[in-house]
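Each chain is listed here by its residues.
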Amino acid sequence: MPAVQETVERVKRIDVDQYRYGFETLIESDKAPKGLSEETVKFISEKKNEPAWMLQWRLEAYRRWLTMTEPTWARVDYPKIDFQDLYYYAAPKPKKTVTSLDEIDPEILKTYEKLGIPLREVAMLEGVEPKPGEEDPARRKIAVDAVFDSVSVATTFKAELKKAGVIFMPISEAIREHPELVQKYLGSVVPTSDNFYATLNSAVFSDGSFVYVPPGVRCPMELSTYFRINERNTGQFERTLIIADKGSYVSYLEGCTAPQRDENQLHAAVVELVAHDDAEIKYSTVQNWYPGNSEGKGGIYNFVTKRGDCRGNNSKISWTQVETGSAITWKYPSCILRGDNSRGEFYSIAISNGFQQVDSGTKMIHLGKNTSSRIISKGIAAGKSQNTYRGLVTAHRKATGARNFTACDSLLIGDKCGAHTVPYIEAKNSSATFEHEATTSKISEDVLFYCVQRGLSQEEAVGLVVNGFVKDVLQQLPMEFAVEAQKLISISLEGSVG
Amino acid sequence: MALLEVKDLKVRVEEREILHGLTLTVNEGEIHAIMGPNGSGKSTLSHVIAGKPGYEVTDGQILFKGEDLLEMAPEERAAKGVFLAFQYPVEIPGVTTMNFLRTALNAQRKARGESELMVPDFLKKVREVSKSLNIPQDMLKRGVNVGFSGGEKKRNEVLQMALFEPSLCILDEMDSGLDIDALRIAADGVNALHSPKRAMVVITHYQRLLNYIVPDVVHVMSKGRVVKSGGKELALELEESGYTQFEDAA
Numbered sequence: 016m017p018a019v020q021e022t023v024e025r026v027k028r029i030d031v032d033q034y035r036y037g038f039e040t041l042i043e044s045d046k047a048p049k050g051l052s053e054e055t056v057k058f059i060s061e062k063k064n065e066p067a068w069m070l071q072w073r074l075e076a077y078r079r080w081l082t083m084t085e086p087t088w089a090r091v092d093y094p095k096i097d098f099q100d101l102y103y104y105a106a107p108k109p110k111k112t113v114t115s116l117d118e119i120d121p122e123i124l125k126t127y128e129k130l131g132i133p134l135r136e137v138a139m140l141e142g143v144e145p146k147p148g149e150e151d152p153a154r155r156k157i158a159v160d161a162v163f164d165s166v167s168v169a170t171t172f173k174a175e176l177k178k179a180g181v182i183f184m185p186i187s188e189a190i191r192e193h194p195e196l197v198q199k200y201l202g203s204v205v206p207t208s209d210n211f212y213a214t215l216n217s218a219v220f221s222d223g224s225f226v227y228v229p230p231g232v233r234c235p236m237e238l239s240t241y242f243r244i245n246e247r248n249t250g251q252f253e254r255t256l257i258i259a260d261k262g263s264y265v266s267y268l269e270g271c272t273a274p275q276r277d278e279n280q281l282h283a284a285v286v287e288l289v290a291h292d293d294a295e296i297k298y299s300t301v302q303n304w305y306p307g308n309s310e311g312k313g314g315i316y317n318f319v320t321k322r323g324d325c326r327g328n329n330s331k332i333s334w335t336q337v338e339t340g341s342a343i344t345w346k347y348p349s350c351i352l353r354g355d356n357s358r359g360e361f362y363s364i365a366i367s368n369g370f371q372q373v374d375s376g377t378k379m380i381h382l383g384k385n386t387s388s389r390i391i392s393k394g395i396a397a398g399k400s401q402n403t404y405r406g407l408v409t410a411h412r413k414a415t416g417a418r419n420f421t422a423c424d425s426l427l428i429g430d431k432c433g434a435h436t437v438p439y440i441e442a443k444n445s446s447a448t449f450e451h452e453a454t455t456s457k458i459s460e461d462v463l464f465y466c467v468q469r470g471l472s473q474e475e476a477v478g479l480v481v482n483g484f485v486k487d488v489l490q491q492l493p494m495e496f497a498v499e500a501q502k503l504i505s506i507s508l509e510g511s512v513g
Numbered sequence: 002m003a004l005l006e007v008k009d010l011k012v013r014v015e016e017r018e019i020l021h022g023l024t025l026t027v028n029e030g031e032i033h034a035i036m037g038p039n040g041s042g043k044s045t046l047s048h049v050i051a052g053k054p055g056y057e058v059t060d061g062q063i064l065f066k067g068e069d070l071l072e073m074a075p076e077e078r079a080a081k082g083v084f085l086a087f088q089y090p091v092e093i094p095g096v097t098t099m100n101f102l103r104t105a106l107n108a109q110r111k112a113r114g115e116s117e118l119m120v121p122d123f124l125k126k127v128r129e130v131s132k133s134l135n136i137p138q139d140m141l142k143r144g145v146n147v148g149f150s151g152g153e154k155k156r157n158e159v160l161q162m163a164l165f166e167p168s169l170c171i172l173d174e175m176d177s178g179l180d181i182d183a184l185r186i187a188a189d190g191v192n193a194l195h196s197p198k199r200a201m202v203v204i205t206h207y208q209r210l211l212n213y214i215v216p217d218v219v220h221v222m223s224k225g226r227v228v229k230s231g232g233k234e235l236a237l238e239l240e241e242s243g244y245t246q247f248e249d250a251a
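Chains as they are written, first to last, in the numbering used here: chain A, 16 to 513; chain B, 2 to 251.
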């Protein structure tokens, strides 16, 4: 497969300690004072020109947060975070109101260039249409709502989406322009009291994406957002809300990279999805936050709450994630299967190398009748990392005919890493059918030797074996992401064999 | 011309010496059989030639086409034309045989400074080769050796041998785990690949395989040395009288 080759070549070009996206952009920024207080919350709300109800909502969350303590049940270990020593808001200082790309700070555009945002997207950003005849399935249209630090700097393809009736905009704008939708749905999947990090996010979230797809509409393009942390000591609190109304369909892609840092950076995002009757949401993530250096220093702390609500009958929500970065990952994209015959899916590749710690998995909560869910999790641990799958599958008393299939496979590279599987299964009615399969394997010396005997280098061999291991999940990604993900997988495992 | 020259080779595994000064010369186009009881060092020899980690060469040398093989990484040896057919070929789930073949072939070509084969050329080549060896196309679409029978695994080794066109093929206990029909098919494949430029080293426990692959030279190994070499009749002699007669000689 050419992609494998490409991956491998890319790996070769990278030195051990050189994180490809480790650079900083020098732009002036507009910061909230350090630390967290009601004043910080008010400062953020004011910066965003928010209506009073939004400020109230944030303040309630903040007061709630003060009463909460950090969860400690995950298999991750890190020094205590001093929440008063962080900045909770940073925005590039706007020179003037941005109406076109030409007006965007060239420094910011350069950053995107360095990030290697695919050419087709640059073309999109510049409004260049591919020539007729050159269209292939990998070149589907992608609308990019680019998040730079905390403020969205460019939104493209608004017009085409508008024609379809799809609302896709920064959530800060949606709060002002579509308050009725935001008020109805914000916090309806992840309530402000949900958990320590989600509550913190509710108080101080800076920006994120908002999507509404009206009844019967199939969103005409993949929606994609690039997140990027770029401010020293700044917590990043993204908030995303996606609503698929009756009979609609939307596919959303999220990808992250972050610059190299010595200090740890806190990232606590919240994503809420709502699918009404017969609607479908596909949410894909490729996560590549800075994982820390070869001694385990630095790296992003990623405490994320992602949850989808299959609110309507016959609705479907599908999460696909490729997690390669972060020093610490604490993340459980979940589905509440409320509507009858609704379906939840979770496809995950979680890779840890160096000193990374991953505690990730999903929750499938079966409430409606004949609901079904499927979990395919592939954990790969290398270096001195720890990789835990933690998953809950539960069937409510009324969830007759609930079905789940879970397959958790772990692959170990080397003998200093760990893979752990922690499944929780609860069936409160006798008609539920839950299946759980788990395997743990090691890339054996024999397999590597077989490959090198046939001419592959060690790194090519590992790349090939790992890409084979995760194939089932990669196939779930939209094609353009699958290729990038394949590259990332090999890059993040670089140097894992001696 | 000498293709492979093993000179006074001494090899250790975890402090224990396995090969105690082994010497062997294989010329282009020759078929050599290496026979011997379990633990005589046959597989160690094949692993050291191919460059498997875990073996320490304490003395002697291995020359391949006049070059020092021990200085090369295993993948370089492969690109230079050393092919080891495994006794137990490994399974690689999720990687189709076709993908594996292409990745490996192109890695070798690249190492030799040749251009990589584009997909259509590669497919054409694989189809030709697999057809000549009677290998069904559907085998190529399956994961590498995943769910293959013993016979299919060995045929997959023969297919790779045909595709990579090595100048030295080492067949490590090719007959293990094969019934007589599968053995015949695999051996036919090997015979079809024998050429005046390509040498074969057949490592085997039993004379049985040598009914199908007829050697020019037979070596008997015992306790880490070649204790006797001769023509193909030596194999028959061994079948009659067993290996015990050589144990003292070692």
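Calculated from the structure, these hints are not laboratory results.
Treat the hints with caution; some may be incorrect.
The following label-pair restraints were derived from C-beta to C-beta distances [said to hold, decoys possible]: (1) Asp487/A - Gln246/B: 53 to 63 Å; (2) Asp60/B - Ile440/A: 41 to 51 Å; (3) Leu71/B - Phe98/A: 52 to 62 Å; (4) Glu92/B - Lys399/A: 38 to 48 Å; (5) Leu124/B - Asp487/A: 22 to 32 Å; (6) Lys399/A - Glu115/B: 34 to 44 Å.
Derived, one-sided and incomplete: chain B residues facing chain A with beta-carbon distance under 7 Å [as the list claims (entries may be wrong)]: (7) Lys53; (8) Glu76; (9) Ala80; (10) Gly148.
In the SDA-like style, the derived pairs of lysine to any residue whose C-alpha atoms are separated by at most 20 Å in a straight line are [unchecked claim]: (11) Lys111/B - Lys486/A; (12) Lys53/B - Val462/A; (13) Lys486/A - Met99/B.
C-beta: ideal position from N, C-alpha, C; glycine also.
Unmet hints by their number, sorted upward, for this structure: 2, 4, 10, 11
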